[in-house]
Structures are given as C-alpha cells and as structure tokens.
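So the protein sequences, as listed, match chains A and B.
Those letters in the first sequence? Residues 1 to 417, per my numbering, in order.
Those letters in the second sequence? Residues 418 to 749, per my numbering, in order.
No lab work stands behind these hints: they were computed from the structure.
Possibly wrong hints are sitting among the right ones.
What the hints assert, rightly or not - Distance windows between CB atoms, simulated:
1) S429(B) to H65(A): 44 to 52 Å
2) L578(B) to H166(A): 44 to 52 Å
3) H65(A) to A553(B): 20 to 28 Å
Stated by the list, open to error - To give an idea of the chain A side of the interface with chain B (calculated C-beta under 7 Å), a few residues:
4) M67
5) S69
6) R70
7) L80
8) P84
9) E88
10) H107
11) P312
Claimed, not checked - If you want the ones that stay clear, here's a sample from chain B, every Cβ over 12 Å from chain A, calculated:
12) V538
13) A550
14) L719
The beta-carbon is built from N, C-alpha and C at its ideal position, and this holds for glycine as well.
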Amino acid sequence: MRARDLRIGYGRRVVLEDVSLEIEPGTLTLVVGPNAAGKSTLLRSLAGILRPLGGSVLIDGREVHRMRSRERARSIGVVLTGRPQLSEMTVEEVVGMGRYPWTGALHILSRRDREVVEWAMEVTGTSHLRGRRISELSDGQLQRVLIARALAQEPRYLILDEPTTHLDAPSRIEVMRLLRDLAHGHGVAVVASTHELELALRFADRVVMVSSGSMKVYERPEEAVQDPEFLKAFSVGDAVTLSPVTLSLEVMARRDEGAPRAFVVSGAGTGPPVFRALLRRGFSVAAGVLHRNDVDYHVATSLGLEVVGERPYFPISDEALRAAVELAASSDLIVFTYPPIGPLNSGNLRLVEELVERGLEVYGVGADEAYGVPGVRFVGSVDEVPLIRERRISVAARRGVWSGTRCTSSSRTSSAF
Amino acid sequence: MRAFALPLLLASLLASVLASTAIGSVRVPLDTVVKGLLGIRVEGLASTVIDLRLVRTVAALLSGASLGAAGAILQSLFRNPLADPFVLGISSGSSLAIAATLIAGTGLGLISSYDPQALYVAGALGAFAVSLAVVALSSLVRSSLGLVLVGVMLGYLASGLTTLLVVTSDAERIRAFTFWTLGTFSASKWSVLTPVLPLALASLIASSFVAKPLNALLFGEESAASMGVSLRASRVGAVAVSASLVSASVVVSGPVGFIGLAAPHAVRLLLRSEDNRVIVPLSAVFGANLAILSDVAARTLLSPIELPVTAITSLFGAPTIVLLVLRRWGFR
Numbered sequence: 001m002r003a004r005d006l007r008i009g010y011g012r013r014v015v016l017e018d019v020s021l022e023i024e025p026g027t028l029t030l031v032v033g034p035n036a037a038g039k040s041t042l043l044r045s046l047a048g049i050l051r052p053l054g055g056s057v058l059i060d061g062r063e064v065h066r067m068r069s070r071e072r073a074r075s076i077g078v079v080l081t082g083r084p085q086l087s088e089m090t091v092e093e094v095v096g097m098g099r100y101p102w103t104g105a106l107h108i109l110s111r112r113d114r115e116v117v118e119w120a121m122e123v124t125g126t127s128h129l130r131g132r133r134i135s136e137l138s139d140g141q142l143q144r145v146l147i148a149r150a151l152a153q154e155p156r157y158l159i160l161d162e163p164t165t166h167l168d169a170p171s172r173i174e175v176m177r178l179l180r181d182l183a184h185g186h187g188v189a190v191v192a193s194t195h196e197l198e199l200a201l202r203f204a205d206r207v208v209m210v211s212s213g214s215m216k217v218y219e220r221p222e223e224a225v226q227d228p229e230f231l232k233a234f235s236v237g238d239a240v241t242l243s244p245v246t247l248s249l250e251v252m253a254r255r256d257e258g259a260p261r262a263f264v265v266s267g268a269g270t271g272p273p274v275f276r277a278l279l280r281r282g283f284s285v286a287a288g289v290l291h292r293n294d295v296d297y298h299v300a301t302s303l304g305l306e307v308v309g310e311r312p313y314f315p316i317s318d319e320a321l322r323a324a325v326e327l328a329a330s331s332d333l334i335v336f337t338y339p340p341i342g343p344l345n346s347g348n349l350r351l352v353e354e355l356v357e358r359g360l361e362v363y364g365v366g367a368d369e370a371y372g373v374p375g376v377r378f379v380g381s382v383d384e385v386p387l388i389r390e391r392r393i394s395v396a397a398r399r400g401v402w403s404g405t406r407c408t409s410s411s412r413t414s415s416a417f
Numbered sequence: 418m419r420a421f422a423l424p425l426l427l428a429s430l431l432a433s434v435l436a437s438t439a440i441g442s443v444r445v446p447l448d449t450v451v452k453g454l455l456g457i458r459v460e461g462l463a464s465t466v467i468d469l470r471l472v473r474t475v476a477a478l479l480s481g482a483s484l485g486a487a488g489a490i491l492q493s494l495f496r497n498p499l500a501d502p503f504v505l506g507i508s509s510g511s512s513l514a515i516a517a518t519l520i521a522g523t524g525l526g527l528i529s530s531y532d533p534q535a536l537y538v539a540g541a542l543g544a545f546a547v548s549l550a551v552v553a554l555s556s557l558v559r560s561s562l563g564l565v566l567v568g569v570m571l572g573y574l575a576s577g578l579t580t581l582l583v584v585t586s587d588a589e590r591i592r593a594f595t596f597w598t599l600g601t602f603s604a605s606k607w608s609v610l611t612p613v614l615p616l617a618l619a620s621l622i623a624s625s626f627v628a629k630p631l632n633a634l635l636f637g638e639e640s641a642a643s644m645g646v647s648l649r650a651s652r653v654g655a656v657a658v659s660a661s662l663v664s665a666s667v668v669v670s671g672p673v674g675f676i677g678l679a680a681p682h683a684v685r686l687l688l689r690s691e692d693n694r695v696i697v698p699l700s701a702v703f704g705a706n707l708a709i710l711s712d713v714a715a716r717t718l719l720s721p722i723e724l725p726v727t728a729i730t731s732l733f734g735a736p737t738i739v740l741l742v743l744r745r746w747g748f749r
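The shape of chain A in the complex, shown without the other chains (with noise of 0.2 Å):
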C-alpha cells in the first residue's frame, strides 16, 4: 500500500498535507500524535472509507477509493472506535459478520467461511467466547472479537483506530501483542493510531508521528526518539523527557526557588524511589556522586534533577567529590541510600564521611540499614526524617482545621511552620 503526496481532510478543512508513506506486509506502523491531529483521518483515508483532497492511496497500482467496496473490503480490513449497537449479537455471528465481502446475498456461510472464522477466532484468542452476547463482553474481549470480525475478511491491511483506547492496562498490552503477532506471525500490515506513546515505542515496528498538520514517519521507534520534534509534540513545555534507552516517559519537577532543598547520595537504583518521594513532599532535589551509566543517573536526569556525574567505570574522581559536597553543604538535607559499594563508587563514602565530619545531620533511607556507616542516622523511610515528619504534621493539622475539627494547641502552633 502506497500513500502518494495525500491532501486529507473533510470538505474545504484541510487536515493534513503532503503525507508520503508506504506499508510493507508484516509490519507494525504505529501512528501517533496529540487528539485531534489527524490520525482517524489519516486511517480513515488510507483504509479508503474517505475520500483524500487530494493524491491517492493505491493497492498494486489501484486507487483504494475508487475500489469497489466488497473488492476493497478484502484487501483491507478496519476496526474503527466506537462501541457497535449489537448488543444480542453472538461473538460467533460478529466475526461470521467479517466474511461479509465473501458471501452471497443472503450471506449464508460456506465450509471454507466457518474455517476462516474460526481461524480469526484462535488467531485472536476468542474461540472460547464463541456462544456469548457482545452485551456480556469486557472492553477487552469486545476489541479482539472486532479484530476477528476483520480479520474474517481475510484482509493484506489491518487499520485499527486507537485500538487500545477505554481498555484497561493489562488488555491493553494483550491488543498490542496480537497487533505485533498479526503482522509478524501472519504477514498482515498492520496500522494502527493510539494516543499512548510508550506503548507505541515498545511495540512498533515503525512510528509514523501526526501533529499540527504534517507527518513524519520514523523507520524505527528509536529514531523517533532522537528526534526533538517527536518529543516536542507530545511535550508540556519542555516538561517531558523520553528516555533513548528505556522508552520511558518522564516528567520533570518544577522547579521552586523556594522550595527546601535536599541532596541524595545513591547508586544502582536505590535512589529513584527517594527522588520520587521527596519530589512528592516538595523538595528540590539533587544527586550525586553517580556514575553516568547508572541508572540512578539516568533517573535522575530524565526527572530533571541536579546532579553531580562521574565518567562510566571510572572511580569517583576529587573534583566530582568537592562538587557534591559543595551541594550537600547547602541543602537542607542529606540522605543516604545504601547503595553497594565498589571500588569504583567508594568515593560516595568518603563523601558522607566528609559530610558527617563537617557536623551536617545524614539521614539512612533504605528497606533495612544495609551496612553501618558512622554518623549515619538511620530512619528507614524518608517520611521518619524529623524535616519531613514536622511538614506532615502540620499539614495534618491544618486540615483538621478546614474540616473543621478541634485541634490542639500545640498543634495549631505547629501549623504556623
């Protein structure tokens, strides 16, 4: 299927221009991009149920929407969004539906019919759903028995528009998978619009990225990922970070100048969870000293936070020593997150070391303190670090006084902090 300089759009609305794009049987094209951009409409217009402005989508050489529709309704099949008024339907009888464009009039199915539903039904894995009402189906199992309906058209092209969209988690990635297994196992080029990015990422043999007009297409999720005008379209601001390595979203904090700032000594994933909680109870955070190819670095970067790096396996050098103690020295507080410690890391000791020394208070975070360190206090979560527990405090007793509770003296004292 060939898309060739496509003008798409509904009457004199102009959607999308100058869409260039080629789907290769047993292939994955992921098209994602903000609501609203294009994507259905791009679909729609591919899957020749819309007619383009302008250019042509052709099948070995032929114009898909000039097709007849039972011709073209074999070559492609379609799964819109939009849950279908058939609630006394039987699963059975939907996906015997998808043989539509095989039947004669009175769409009595054949032996070779009821082979290829039964075939989409194992191949989606809904044989066992067979007798049921589409009333008593779960979102997830609806959307596998509309993509048996579509794949009983026995289709080259699979378009599915946000398939995964009102599914919950779990059927979410089960859709995925079949979407993968389809183009992978069974040939079928599929394409399919969602508004989940990393899902797309994870799953896609190609990205085709809509947004404020026009489309860009990325032979592979990783080269939509070094792109900043991939990631400039799903941003909030500069807000948002994808990380090349794991495919994640990340958030930054905002950063307040005002907010009480607090220094993570951390290493091989035992700082993000701290990060995490100390963002949430508002602090600005920093990290240090991490080599840059431990996670914890990567972590930290992706959410935005200050951080004193290291070269990979290279021990912690003086110069990244003084740096992080300078910051520590100015934080309100310190936390230490017990992380295994190497020749390589060993400079993160000597840090607290120096800290402690300097008569600056070391909080130990951690599930249990994981080995002694003196002058370390440990207190295990970050919200028995008394900084912390005195915030919580009085933010407890200030809503004891929007409800309108009686509160204590001493504690409407406290809520003065």
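Position chain B against the provided structure of chain A, taking the given hints into account.
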C-alpha cells in the same frame, strides 16, 4: 427458541386465520371453515360468510406481513427502535400519493377508480419520497426521538394534504377514497387484493435480500463500508423495498399504525437476536398475525359496531412506544 420460532409463529398464524374466518356475528363451525378454506363447496349462508371474512383476513395478512417486514427494515436502517412506516409518516405519504392519483387519474379519465396496480405504483412512489425525506432529515436530526418527531409531523402534513384533497373533490370520488385514509380491513375486495398480492409477495422476497447489508450497518456506517457494504446502494435498496411493502399495505387497507413497530420488537424479544435475515421474515409472519387478531378484535369487541383497526393497533402500539422511550431514555 430460535429453532422453534418459525414453526411456532406459522402455527399461530394458521390458528389466527381459522379464528378470523370462524368468529363474527354469525358463528361458522370450524370444520365448515376448514372445508371452505380448502375450496370444498360449502352450502348456503356459510359460503358467503366465509368468503367475506376470508377477503378481510387475507387483506389483514398481506397488510400485516408487509408492515411487519417494513418496520423491521426501517428500525434497522435508521438504527431507531421507534421507527415504523406509520410513525415515520411513510404510510401517510403513500396514502397522499394514492389520493392524488385517484382524484387526478379518475378526473382526467386516465384510470378507473379501482386500478390497484396504478394505485400501488403511486403509493410506492409516495412512500419512497417520504422515506427519502426522512433519510435526508435523519442526517440532520441526530437524535432518535427527534427523527420520530419529524416523521410524525411529516405524517400529519401528508394526512392534512390528503384531507384537503378529499374535501375539495366531488362526493363520488370521496367515497372511493375514505376507507384508504382510515385504515381498515372491512372494505377489502378481491378485485383490489388479487392484483396486489403478487406485488406484496415479491416485495417480501426482496426484503430478505436487504437483510445482509442491514446487518452490517449495525456496526456503524463507516465500519459497514469497510466490510464491503455499498452504502448508497444498500440504503436505496432498503428504502425501496420498504416503500414497496408499505404501498402494498396501504392500497389494500389504508394506513394501519403500529404493526410495523410492534412486530419486530416482539420477534427480537422472542429470538434474542439482531440478525435481520431472521428478524425481517419473522416480523412479517408476526405482523400478519397481529393484523388478523387486531381485525378480529375490531369487529367483535363492540359488535355489532365495527371499530377501525387502527383504534385497536393504537391500543397496543402507543403504549409500546412510550415503554420503549422510557426504557431507553428514562425519566429525569
């Protein structure tokens, strides 16, 4: 239930036909009725009575079957549970076209006052025109209730015009027409019935061919198009078939209300299915049944006074609509 539905409905239809022929001011014994229906010569008064009752029974059967099938098609086409040839004004449009043809045609000497085939064609065109108007308006009026309101008003408009036509034409022709505006099986004649019967039968057969695209349309228009439905052709086809059915019914008995509404709902409840390939034909059988029983009720309830059959169908039809509205949209 599904397997039993057709034999059950057919058996009850047969029972209705027998009852309709037997029951009335003069009671005819059942064995005589069966003899009469089988064409065995029956002596004396019974023969006349059987013939008279048979005409209206067949008229009711034809009319009811046509309306039942048309109702099922319209409900599916508009995806509106309240659709019905009478409610949407299609029957009245058909009636208007028939009145106009009758008055203009006989006035100009083009047709004799009872040329059922000409009237059927006119009625079908009238029904088709109103159906197209409803289709056009349905894309503007998004709500199901709004569409019904539009249909009811179109119906009033058509019957208003019909009344105007009838009142302004001379007395001779009025008499020829009044029963068509009323909706009754009491004035049925073999001379009207016989030519329309094959037309109605052909339309009923055609109705089973529009079921397939109607089923696909349950998925929504765009999905249906993607499944291989040619939207325009199937819509025009469905409208044409239902118009033809409505016209056959109107020529025979005038606009009879609510049978087209109630029959498909009853069948759907009975079968718990939405497959139009079953719903449409069974609605025809159920509609025929309903029409015959309504006619029996119309002539026996206040005997010897004979009620218009629409009075009886309204008694169950109007509450059905109210019930459907309450169930779907509720009271707030």
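Each hint tested on the structure:
no. : hint                           : result
1   : S429(B) to H65(A): 44 to 52 Å  : holds, 49 Å
2   : L578(B) to H166(A): 44 to 52 Å : holds, 49 Å
3   : H65(A) to A553(B): 20 to 28 Å  : holds, 24 Å
4   : M67                            : violated, 10 Å
5   : S69                            : holds, 5 Å
6   : R70                            : holds, 4 Å
7   : L80                            : holds, 5 Å
8   : P84                            : holds, 5 Å
9   : E88                            : holds, 5 Å
10  : H107                           : holds, 4 Å
11  : P312                           : violated, 52 Å
12  : V538                           : holds, 25 Å
13  : A550                           : holds, 24 Å
14  : L719                           : holds, 39 Å
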